[in-house]
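Student: For reference, the chains in residue letters:
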Amino acid sequence: DTGVSQDPRHKITKRGQNVTFRCDPISEHNRLYWYRQTLGQGPEFLTYFQNEAQLEKSRLLSDRFSAERPKGSFSTLEIQRTEQGDSAMYLCASSLNEEREWETQYFGPGTRLLVL
Amino acid sequence: AQSVTQPDIHITVSEGASLELRCNYSYGATPYLFWYVQSPGQGLQLLLKYFSGDTLVQGIKGFEAEFKRSQSSFNLRKPSVHWSDAAEYFCAVGASDDYKLSFGAGTTVTVRA
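Top to bottom, those sequences are chains A and B.
First residue of the first sequence: 421, per our numbering; consecutive thereafter.
First residue of the second sequence: 63, per our numbering; consecutive thereafter.
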C-alpha cells in the first residue's frame, strides 16, 4: 500500500520563475486537497477536488496559482511568476468520500519551496 | 467558520513523564476533530480523530484525546513519553458542511533525557 506521494520533495527557484508540483493520492480516494504551511504555522487550505472537479478555492490562491486534477487521479499545482512570499511547504492530502462518515484526510510528505 | 487555538507554542517534557497538549476549537455545531503529528521536514501523520460517540478516543503511539463539548476542547495526552515523540503536534477541526480542515498553529514538543 502506498500513501500520498508528492514530487519534488524540495524545490529552489528564483523569483519570477514558474514551478509545478505533483501529488499522487491514495489510489481509491476521490477527494484531493492542497494546503500551504509556512514556518511556525499550521497548514492552511488552498483548494480541493472531488474527482476531476475543483470545488473550492481559498482566497489564498491568487491568480498566479492554478491546480488541476485531470482524470481525477494525480493533481498538479502550478505557481507562476513566483515571489519570495510563496516560500512554504505545500502539502497534499486525499480522502475517500463516504456518505455516512466525515472522511479522514491523509497527507503526503509535502514539497518544500524556496524562492530566492 | 471554524477555528482552532493551541495555547502552548512549545512544551518540554522529560522522557517517561506524562504529556498533555491543549486544543480549543470554535464551531457552532458538532465538530470533527483531529490530532496530527509532524516530524521535522515531513508531512502530517494522523494520531487520532473524533467524529461522534465515546468522547475519549484512542490513537496510535499510545496517545489519547478527550472531547469536552462544555469546554470546546480536545486535549491530547500520553501517559509516558518517549524520545521519539519529539515533534510538532497539530489539532484540526472540520465542519459538517465543509470539507477543509482548519488547523491550529501547532505545539512543538521537546523531550529531554
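Incorrect hints may appear among the rest.
To be verified - Ranges of calculated distance between the beta carbons of each label pair, as one might list FRET restraints: (1) A:S486 to B:S132: 40 to 50 Å; (2) A:S486 to B:A79: 24 to 34 Å; (3) A:L459 to B:S142: 26 to 36 Å; (4) A:K477 to B:E77: 43 to 53 Å; (5) A:E476 to B:G90: 30 to 40 Å; (6) A:L480 to B:H72: 18 to 28 Å; (7) B:S80 to A:T524: 24 to 34 Å; (8) A:L480 to B:G90: 38 to 48 Å; (9) B:T67 to A:T524: 17 to 27 Å; (10) B:T67 to A:R479: 16 to 26 Å; (11) A:L475 to B:S114: 23 to 33 Å; (12) A:E498 to B:A79: 45 to 55 Å.
What the hints assert, rightly or not - Examples of chain B residues toward chain A, derived with CB under 10 Å: (13) L81; (14) R84; (15) Y87; (16) G90; (17) G103; (18) G105; (19) L108; (20) H144; (21) W145; (22) S146; (23) A149; (24) C153; (25) G156; (26) D160; (27) F165.
Claimed, not checked - Reference listing, derived: stretches of chain A covered by chain B, where coverage requires no fewer than 3 residues with Cβ under 8 Å from a Cβ of chain B: (28) 456–463; (29) 528–536.
Because the hints were derived from the structure by calculation, they are not lab data.
Model, not experiment: these values are computed from the prediction.
Glycine included, C-beta positions come from ideal geometry on N, C-alpha and C.
Student: Are the hints correct? Go through all of them and say.
Tutor: Consistency of the hints with the structure:
1. A:S486 to B:S132: 40 to 50 Å: holds, 44 Å
2. A:S486 to B:A79: 24 to 34 Å: For S486 of chain A and A79 of chain B the Cβ distance comes to about 48 Å; the hint is violated.
3. A:L459 to B:S142: 26 to 36 Å: holds, 31 Å
4. A:K477 to B:E77: 43 to 53 Å: Distance hint for K477 of chain A, E77 of chain B holds at roughly 44 Å.
5. A:E476 to B:G90: 30 to 40 Å: violated, 20 Å
6. A:L480 to B:H72: 18 to 28 Å: Because 26 Å falls inside the window, the suggested range holds.
7. B:S80 to A:T524: 24 to 34 Å: holds, 27 Å
8. A:L480 to B:G90: 38 to 48 Å: Taking Cβ atoms as reference, L480 of chain A and G90 of chain B lie about 24 Å apart, which means the hint is violated.
9. B:T67 to A:T524: 17 to 27 Å: holds, 22 Å
10. B:T67 to A:R479: 16 to 26 Å: holds, 21 Å
11. A:L475 to B:S114: 23 to 33 Å: holds, 25 Å
12. A:E498 to B:A79: 45 to 55 Å: holds, 46 Å
13. L81: Cβ of L81 of chain B sits 19 Å from chain A, so the hint is violated.
14. R84: violated, 14 Å
15. Y87: Not OK, violated: Y87 of chain B not within 10 Å of chain A, min 13 Å.
16. G90: Result: violated, 16 Å to nearest chain A Cβ.
17. G103: Interface hint status for G103 of chain B: holds (7 Å vs cutoff 10 Å).
18. G105: holds, 4 Å
19. L108: holds, 6 Å
20. H144: At about 22 Å, which exceeds the 10 Å cut-off, the nearest Cβ of chain A leaves the hint on H144 of chain B violated.
21. W145: violated, 22 Å
22. S146: Violated, about 18 Å.
23. A149: A149 of chain B check fails; min Cβ-Cβ to chain A is 14 Å, beyond 10 Å.
24. C153: Since the shortest Cβ distance to chain A is 8 Å, the answer is holds.
25. G156: The hint holds - G156 of chain B has a Cβ within 10 Å of chain A, the shortest such distance being about 6 Å.
26. D160: holds, 9 Å
27. F165: holds, 3 Å
28. 456–463: holds (count 4)
29. 528–536: holds (count 4)
Hint compliance for this structure: hints 2, 5, 8, 13, 14, 15, 16, 20, 21, 22, 23 are broken, all remaining hints hold.
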